[in-house]
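Chemist: Single-letter residue listing:
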Amino acid sequence: MDIMVAVNELQSMFEDMVTARYYEERLQEEYLEGKQPAFDISAGPIPGELHLAAGQEAAAAGVCRHLRDSDTVTAPHRPHHVAIAKGVDLKRMTAEIFGRRTGLSKGKGGHMHLFDPDVNFACSGIIAQGCPPAVGAGLAATKRSEDSVAVAFLGEGAISQGAFLESLNLAAVRELPVIFVVEDNDWAISMPKDRVTDVDDGSQRAGGFDMPGVRVDYDDATAVYDAAKEAIGRARAGNGPTLLEVQVHRRMGHFMGDPESYRPDEDKEAAQERDSIERLAADLRSEGVADDDIEEIRERARDRVDEAIEWAKDQPEPGPEEAYEDVFVNPPSGVTTEEPSHELAGGDD
Amino acid sequence: MDIMVAVNELQSMFEDMVTARYYEERLQEEYLEGKQPAFDISAGPIPGELHLAAGQEAAAAGVCRHLRDSDTVTAPHRPHHVAIAKGVDLKRMTAEIFGRRTGLSKGKGGHMHLFDPDVNFACSGIIAQGCPPAVGAGLAATKRSEDSVAVAFLGEGAISQGAFLESLNLAAVRELPVIFVVEDNDWAISMPKDRVTDVDDGSQRAGGFDMPGVRVDYDDATAVYDAAKEAIGRARAGNGPTLLEVQVHRRMGHFMGDPESYRPDEDKEAAQERDSIERLAADLRSEGVADDDIEEIRERARDRVDEAIEWAKDQPEPGPEEAYEDVFVNPPSGVTTEEPSHELAGGDD
Amino acid sequence: MAQKESQQAVERELTMSRAMVEAIGHEMRENEEVFYMGEDVADYGGIFDSTQGLLEEFGRDRIMDVPISETAYIGAAVGAAQQGMRPIAELMFVDFFGVCMDQIYNQMAKNTYMSGASVNVPMVLTAAVGGTYNDAAQHSQTLYGTFAHLPGMKVVVPSTAYDAKGLMHNAIRDDDPVVYMFHKRLMGIGWMPAPDGPKTPVPDEPYTIPFGSADVKREGEDVTVVTLGLHVHRALEAADDLAEDGIDAEVIDLRTLVPLDTETVLDSVEKTGRLVVVDEDYRSYGVTGEIIARVAEEGLADLEAVERVAVPDVPLPYARPMEDEVIPGTEDIEAAIRSARS
Amino acid sequence: MAQKESQQAVERELTMSRAMVEAIGHEMRENEEVFYMGEDVADYGGIFDSTQGLLEEFGRDRIMDVPISETAYIGAAVGAAQQGMRPIAELMFVDFFGVCMDQIYNQMAKNTYMSGASVNVPMVLTAAVGGTYNDAAQHSQTLYGTFAHLPGMKVVVPSTAYDAKGLMHNAIRDDDPVVYMFHKRLMGIGWMPAPDGPKTPVPDEPYTIPFGSADVKREGEDVTVVTLGLHVHRALEAADDLAEDGIDAEVIDLRTLVPLDTETVLDSVEKTGRLVVVDEDYRSYGVTGEIIARVAEEGLADLEAVERVAVPDVPLPYARPMEDEVIPGTEDIEAAIRSARS
Ligand SMILES: Cc1ncc(C[n+]2csc(CCOP(=O)(O)OP(=O)(O)O)c2C)c(N)n1
Ligand SMILES: Cc1ncc(C[n+]2csc(CCOP(=O)(O)OP(=O)(O)O)c2C)c(N)n1
Ligand SMILES: [Mg+2]
Ligand SMILES: [Mg+2]
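Residue numbers (the numbering used here), protein chains in the order written: chain A, 1 to 349; chain B, 1 to 349; chain C, 1 to 342; chain D, 1 to 342.
Be aware that a few hints might be false.
Stated by the list, open to error - Here chain C is said to cover these stretches of chain D; the calculated rule only asks that three of the stretch's residues, wherever they fall, bring their Cβ under 8 Å from a Cβ of chain C: (1) 87-99; (2) 102-112; (3) 128-138; (4) 148-161; (5) 297-310.
Stated by the list, open to error - Computed footprint of chain B on chain D; a stretch qualifies when at least three of its residues, placed anywhere within it, have a C-beta under 8 Å from a C-beta of chain B: (6) 22-34; (7) 42-52; (8) 68-78; (9) 119-125.
What the hints assert, rightly or not - From chain B, some residues computed to sit far from chain A (all C-beta separations above 10 Å): (10) ARG26; (11) ARG144; (12) TYR218.
Hints are computed from structural coordinates only; laboratory data are not their basis.
We put the CB at the ideal spot given by N, CA and C, even for glycine.
Kindly generate the complete structure, drawing on both the sequences and the hints.
Modeler: Below, the structure written as structure tokens:
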């Protein structure tokens, strides 16, 4: 390893990554329960689409390690690893995914619409549409003379979308503290990157807006950590945005139930082979971390995840009538004099 | 002049340019008539917005010189100089601007919505939204194995719009015969270029899509001609798209009635001084074209314009009931067996 | 085609997606200028099976995967259509219209008019619509009213395999832009079980169903139920249930919103005097209001009761109890029919 | 503020644009977190005078010109609002919604709901609407129905200077997203003469007009005319004309479409029995249908006649005779009122 990262940082990233990986393994189990023998998307304890991020954890962990609660992160449809690395409340996030009343969104959002204002995390299911709000968070920080930054995560398939490209320009021309992180897993559902754009390196898009673009070719958490450190440092210091592309690997289908028949076997195998978690474990070992300590981290992660899932499954479902709440925070006619509540949800039910 | 362009090409460009300039001078007169003493946008023989292109003629003339009728051009809200250089029927275009029944669109479109399918010209009033249809025309040519090309004109203010940026990518990844021509007049209504993007050279946007980008810094028709020749030649030969930015100068307000109070006097004066028409006249002279011949071109242009305007003003207005026609070409229920008519409008009224 | 084959064919039942694909395939075979663009329409065959099997027959040049840039490729369809080609462009979920609506409503839908019909835009925009599988607020909408409100596009919503094929033939042959909205729940996708209704006998040969002709799916004397898409099937179920109680509901499937077959609705209300409109779009400023207003304008004297059943002006919630609450169910329709009769 | 000053103030007449700007300026003075983003809102002062004079007082950091990239800057407003700021973002013409609708309807309008109200989006989206000056199909729409149909945004349409100010104060203070649609023809712009109605006395001090309260602009016994925006003035003119013939029309200005004051409309129809709805949006699947449906649902027994007057489902044509034909005029309203009475 030629990049020097403090061991405790490596350990933290490792913990985020194994937490995310194990979390999704458990979600997958729960998701598929009730979808047997025939897969029915609307059946079982977790209905709807489910996009898992196994193989992409290094990007989230390496970037979010540098972030504070006051920094904003927007994630796309594949949000769990990012949410976990950003420190989103795991129990309430899980309850949300199970559609429970005590979930982050009281069961209204589901897995593509996780909002945790305590750590300034949000996600959206529309490609690249998390970018403009991230620019807005960066703008707010600038206006308030705070040194917070905002990070927009997106997939490599999203780099051809207007919302992303317009956001690069707005962030650049206003020199806003925004980092765009492209997770390049080479696939947009069934479309490989080279079928949808001519650039191998998505960070090349930055040049057209006079913004620095950096690519991390290798989804080593430490390499991501390093590149992100510079980009986030630059943003925090008031020196404007960066576009960072990180190579990652999609170990699973696009969503649960994706037959992946479009995907060559070699490509699937290659994604299995390159596991950034195992690589980071090896790094830890070579930094002198004992196997027992590594195993301890894994166990802590598993316990936390199991606990969150147990807790979530115990939570009450929302009643049908709750569907009518929360369209507006102010009553439909007239303006209240109260401040809007940014408190945890659940207070009013 | 270090660029060699045949004299007859120079003369043709000169004719397009003086035609456009004189045309707009006459339109301006007509437009302002009936808007006296107080300017009322809805009064007079030409109501609605009117965007004139004085100072930008070189871009249109230099590019369109290389185009055939079968090549497609899409123009934005400021279309006259491009339409004239593309060979749009001047009489029917004028009738359209005067809102007459024999206008290109039977009076339904007006100056921002000129369509002449005979020369494959169209324009749209929404920023950058002419780009995707130009890509589609390029796609159609490719599918039909024709060597037609498509050119999308836009302003430098439009280079931050998603529709443009997405179009670059789609054209590049499919290697389509499309040329994007940015007319950089330094202003987007009241916003100078440097307030809305960090790149001085808009053609830099191309790099992010692995497309060649070229800037012509000087709105000399011959320089434009030369750069366009290469780009259009490349497209016609099946070697894909180019982004071409051309410096031009806005001699007038954004639209008629624009007070331009936001614009520094020096900038206004500079635009007046750099007149590409006078420059081309000088080039013609230095190529040995006699003053009389130059004057003859000017006269021919004036005659043609005056005739078109007289003709247009003589044309009948549409009746109110014609507003209900042309929403669909097929009757609202059921499908006709006839082919759609691409004939000149007016046939059915 | 021989008579015998066609007889046979009528016995053949297809899912809605197979019927839709059959029409597309046929038109592509007949006319080289028809092609299909969209995300994941090639190797994947369309996330909702809208292009299943077409890549194999027609290849990548005509079944085109495109970058995730809906404005660019839908706009490219507009441009190609104006050149006389017949593109079909797919918006994977109708919910994504917000990223490309200018091309749809300001170019595709208006260029014919704005050009005085010197150009026309013979393209089809396909889009998957609808909820019932807990995909939440950004992936479950129908937006029927949003599209039908804006002039210049025909708006088609099939509810059965038979209609899906006939309407698709018509859509591709039509010289105007057509928005073809297929309900995910009706397609017969392996992982999203369809109800029984949409799978119907479908003739082998091509046939068209004209736009603007509603289909009286069930005749009845007591109450007129006007609906479309998935809710045709829910309304029929409700009508069957109520028949046991001696309530005889007529169920009308609009099939197209633009043009709208007001006639059939008026005739029915003249008979029943009672109107229930059922819709999977948002309640206000949409389809239900329009149908009621048309009847009030032209048949007020006949009208003794109106009810509407639609999504109650809230975004679609994720969790099952709440989604079930806001998307009209069979019981909601039954209740509305009963209430219209009381 | 001293009583005397305020007395004086009420005498003071303002154009609608001045009134709107006054409210914005006041809120910006009171609250540092309010700022305005848009194209040409700084040095130009807004193409339709919506920010006239604000740059001088507040500077470029708070009156922000932005690149022509509506998705980016409206989305940035969403992001800043979720941080607790109170952005106002301007869409120069409402017709441009198609380039940025996802941020508007899928993020701005739904984030509150999708988060279970753990975040909210206190922003205002301003947009110029309307025709009557021959700007053709892409620059003349109101799209009232399009915005009102989609849940999660409040939709405000002032018709006078007095209302413009009060509604703007309310909009900025509201903790939810508000779409504030101002009609170009009413603003009092130098180059687009306004009718007499919108210029009204406006108090100096701030005041709010609650959303969801329609204004009975003219009381009458014979026919209820429900309208909004520019057409409030046309309806009042029609009512005055008809008064000479002994027809007494009540004119209701809705002022907000979401929330909608159904009550006031129902009360009026209870009295008159006759309903005319007048709208500058497209006829079908829009505002006129909704108002009629609401009355039919809750007041069918009272209803003896309905008429609607709206743009007849065609794009806005350019030439004067055709634009005049499709945008409802005073005579169209008169004819509808007469017809409702007959
Ligand atoms: C505007 C829009 N278009 C299409 C989709 C459908 N969609 C969801 S995920 C996806 C692929 C995204 O690929 P990428 O950005 O590479 O992210 P990944 O799934 O690989 O993480 C698509 C096309 C969408 N959600 N929004
Ligand atoms: C999507 C969209 N946003 C805003 C506008 C309003 N508008 C019309 S022209 C213009 C400025 C365009 O500047 P530029 O592209 O440089 O062209 P120029 O007017 O200088 O020729 C703007 C903002 C529009 N028509 N469409
Ligand atoms: Mg990807
Ligand atoms: Mg410009």
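Chemist: Under a C-beta cut-off of less than 8 Å, do 3 or more residues of the segment 42-52 of chain D approach chain B closely enough to confirm the stated coverage?
Modeler: holds (count 4)
Chemist: Does the segment 68-78 of chain D contain three or more residues whose Cβ lies closer than 8 Å to a Cβ of chain B?
Modeler: Result for this restraint: holds, n = 4.
Chemist: Can you take a look at whether the segment 148-161 of chain D is actually covered by chain C? Rule is 3+ residues, C-beta closer than 8 Å.
Modeler: Held - the segment 148-161 of chain D has 5 residues with a Cβ nearer than 8 Å to chain C, which meets the minimum of three.
Chemist: When I compare C-beta atoms, does the segment 297-310 of chain D have three or more residues closer than 8 Å to chain C?
Modeler: That given contact holds, which follows from 8 residues of the segment 297-310 of chain D lying within Cβ reach (below 8 Å) of chain C.
Chemist: Using Cβ atoms and 10 Å as the threshold, tell me whether TYR218 (chain B) really stays out of contact range of chain A.
Modeler: Holds, because the least Cβ-Cβ distance between TYR218 (chain B) and chain A comes to about 22 Å, which exceeds 10 Å.
Chemist: Holds or violated: the segment 119-125 of chain D covered by chain B, criterion of 3 or more residues with Cβ-Cβ distance under 8 Å?
Modeler: violated (count 0)
Chemist: Quick check: the segment 22-34 of chain D, covered by chain B? Criterion 3+ residues, Cβ under 8 Å.
Modeler: n = 0 at 8 Å, threshold three: violated.
Chemist: If we take the beta carbon of ARG26 (chain B), is the closest beta carbon in chain A still more than 10 Å away?
Modeler: For ARG26 (chain B), whose nearest Cβ neighbour in chain A is about 38 Å away, the distance exceeds 10 Å, so it holds.
Chemist: Can you tell me if the segment 102-112 of chain D counts as covered by chain C, using C-beta to C-beta distances under 8 Å and a minimum of three residues?
Modeler: n = 7 at 8 Å, threshold three: holds.
Chemist: Since ARG144 (chain B) was said not to touch the interface, does its Cβ keep a gap of more than 10 Å from each Cβ of chain A?
Modeler: holds, 22 Å
Chemist: Under a C-beta cut-off of less than 8 Å, do 3 or more residues of the segment 128-138 of chain D approach chain C closely enough to confirm the stated coverage?
Modeler: holds (count 3)
Chemist: Closer than 8 Å Cβ to Cβ for three or more residues is the test here. Does the segment 87-99 of chain D pass it with chain C?
Modeler: n = 5 at 8 Å, threshold three: holds.
Hints 6, 9 from the list above are not met by this structure, while the remaining hints are.
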